[in-house]
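**Q** What follows is each chain in one-letter form.
2 protein chains.
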Amino acid sequence: MTGQPAPPAMPPRAVVEFTCTGTAVGKMRNELDVRMVRPMREQFTLATDEGAFHGGDASAPPPLAMFVGALTGCIMTQIRAFAKRMDVSLTGLRVETRVEWDWEAKGRIYETAPKSFEMDVFIDSDDALEKQEELVRKARRGCFIEQTLGQKNTIRHRIRTPEGWRSID
Amino acid sequence: MTGQPAPPAMPPRAVVEFTCTGTAVGKMRNELDVRMVRPMREQFTLATDEGAFHGGDASAPPPLAMFVGALTGCIMTQIRAFAKRMDVSLTGLRVETRVEWDWEAKGRIYETAPKSFEMDVFIDSDDALEKQEELVRKARRGCFIEQTLGQKNTIRHRIRTPEGWRSID
Numbered sequence: 000m001t002g003q004p005a006p007p008a009m010p011p012r013a014v015v016e017f018t019c020t021g022t023a024v025g026k027m028r029n030e031l032d033v034r035m036v037r038p039m040r041e042q043f044t045l046a047t048d049e050g051a052f053h054g055g056d057a058s059a060p061p062p063l064a065m066f067v068g069a070l071t072g073c074i075m076t077q078i079r080a081f082a083k084r085m086d087v088s089l090t091g092l093r094v095e096t097r098v099e100w101d102w103e104a105k106g107r108i109y110e111t112a113p114k115s116f117e118m119d120v121f122i123d124s125d126d127a128l129e130k131q132e133e134l135v136r137k138a139r140r141g142c143f144i145e146q147t148l149g150q151k152n153t154i155r156h157r158i159r160t161p162e163g164w165r166s167i168d
Numbered sequence: 000m001t002g003q004p005a006p007p008a009m010p011p012r013a014v015v016e017f018t019c020t021g022t023a024v025g026k027m028r029n030e031l032d033v034r035m036v037r038p039m040r041e042q043f044t045l046a047t048d049e050g051a052f053h054g055g056d057a058s059a060p061p062p063l064a065m066f067v068g069a070l071t072g073c074i075m076t077q078i079r080a081f082a083k084r085m086d087v088s089l090t091g092l093r094v095e096t097r098v099e100w101d102w103e104a105k106g107r108i109y110e111t112a113p114k115s116f117e118m119d120v121f122i123d124s125d126d127a128l129e130k131q132e133e134l135v136r137k138a139r140r141g142c143f144i145e146q147t148l149g150q151k152n153t154i155r156h157r158i159r160t161p162e163g164w165r166s167i168d
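One line per chain: the protein sequences are D and B, in this order.
The end of the first sequence is residue 168 by numbering that gives the first Met the number 0, with every number in the run present.
The end of the second sequence is residue 168 by numbering that gives the first Met the number 0, with every number in the run present.
Same shape as in the complex, but just chain D (with noise of 0.2 Å):
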């Protein structure tokens, strides 16, 4: 736990931006170009698979569990990078997540819905319980999943047509 990062040289406020092209191939694979355009450009090679349940052969991660995994990664280093910043003592972190979905059968087809979302979070710090508290309490506001999560988001689809793009509502 040494070596807790600097604070960024970031403007007041920035829009941050990736962006991902994905493109499937073999059975359930997508192979996955995901880049930060903004503020500052990064790139990164990342797959998602299925297991044979789902027909596919298990090269990659599902996507779910790549998201359950994103979700907790999100917070942790929000904990870790605000505690530097708060001034809270941090020799050890670990975070405990459970994420239910219903799933529901539609004739052939299936739709879902988020059910629960529990995080718990074990600290290790010479710091008073209010001070780890504040900072994990900080670290969700700072957390761009978290509060991704904590409000409700419209997605944009087009699908490429012959004719240019036509929206699907």
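In case anyone wonders, no lab produced these hints; they're calculated from the structure.
Ideal placement from N, C-alpha and C gives every residue a C-beta, glycine not left out.
Incorrect hints may appear among the rest.
Unchecked claim - Per the computed footprint, the stretches of chain B lying under chain D, defined by three or more beta-carbons under 8 Å from a beta-carbon of chain D, are:
| hint | region |
| --- | --- |
| 1 | 10-24 |
| 2 | 47-56 |
| 3 | 85-95 |
| 4 | 114-127 |
| 5 | 134-142 |
| 6 | 146-154 |
Stated by the list, open to error - The calculated lysine to any residue pairs, modelled on SDA-like cross-linking and capped at a C-alpha distance of 20 Å, are:
| hint | chain 1 | residue 1 | chain 2 | residue 2 |
| --- | --- | --- | --- | --- |
| 7 | B | Lys105 | D | Glu133 |
| 8 | D | Lys151 | B | Thr153 |
| 9 | B | Lys83 | D | Arg107 |
| 10 | B | Lys105 | D | Arg84 |
| 11 | D | Lys130 | B | Gly163 |
| 12 | B | Lys151 | D | Trp100 |
| 13 | B | Lys83 | D | Gly54 |
Fit chain B to the known structure of chain D by using the hints.
**A** Positioned in the frame of chain D, the structure of chain B alone reads:
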């Protein structure tokens, strides 16, 4: 794009549950033991890290890259799984995703909020455009991550103390 998945042997309704235990190691790396625990059991070993900008060693992708990849992979999995079940031909699939967040400094720490989500879908199919559109529409409703982002979720946090659990509002 061969070997489309068979419909899984699922009951009419089910709860799908994932857990993740994240352990902080090194500077900003999180080692993630992700498990599906219901309705079947699978285990995945993942990790996140941060780049030098955030004080990390870039030994794994950052949580946001994993999140955007998971969102893209999830709708792609659904489109491929449902194409078979809805009898829509599918010889190629590409999805281009863009996600923006607002970032704002608050003293030495910061807050974030989601700003926009856009997904462009490129389908290679011999079927009528209306069938392709209906496929994407149904895939959205079957996509766990899209359905999660489309509603306001509550994430319950607890911190472990010597006297037991304490909730963090």
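**Q** Now tell me if each hint is right for this structure.
**A** For each hint, the structure was consulted:
1. 10-24: With 14 residues closer than 8 Å to chain D, the region 10-24 of chain B meets the three-residue bar; holds.
2. 47-56: With 7 residues in contact (Cβ-Cβ under 8 Å with chain D), the coverage given for the region 47-56 of chain B holds.
3. 85-95: Contact hint for the region 85-95 of chain B vs chain D: holds, 6 residues under 8 Å.
4. 114-127: Per the Cβ count (9), the hint holds.
5. 134-142: With 7 residues closer than 8 Å to chain D, the region 134-142 of chain B meets the three-residue bar; holds.
6. 146-154: The restraint on the region 146-154 of chain B holds, since 9 of its residues have a Cβ under 8 Å from chain D and three suffice.
7. Lys105/B with Glu133/D: 14 Å, holds
8. Lys151/D with Thr153/B: Given pair lysine 151/D, threonine 153/B holds - Cα atoms ~11 Å apart, limit 20 Å.
9. Lys83/B with Arg107/D: Distance ~10 Å between lysine 83/B and arginine 107/D Cα, so the pair holds.
10. Lys105/B with Arg84/D: 11 Å, holds
11. Lys130/D with Gly163/B: Roughly 17 Å separates the two Cα atoms, so the pair holds.
12. Lys151/B with Trp100/D: Holds: lysine 151/B and tryptophan 100/D sit about 14 Å apart, inside 20 Å.
13. Lys83/B with Gly54/D: This hinted pair holds, its Cα atoms lying about 11 Å apart.
Comparing the model with each earlier hint shows no violations; every hint is respected.
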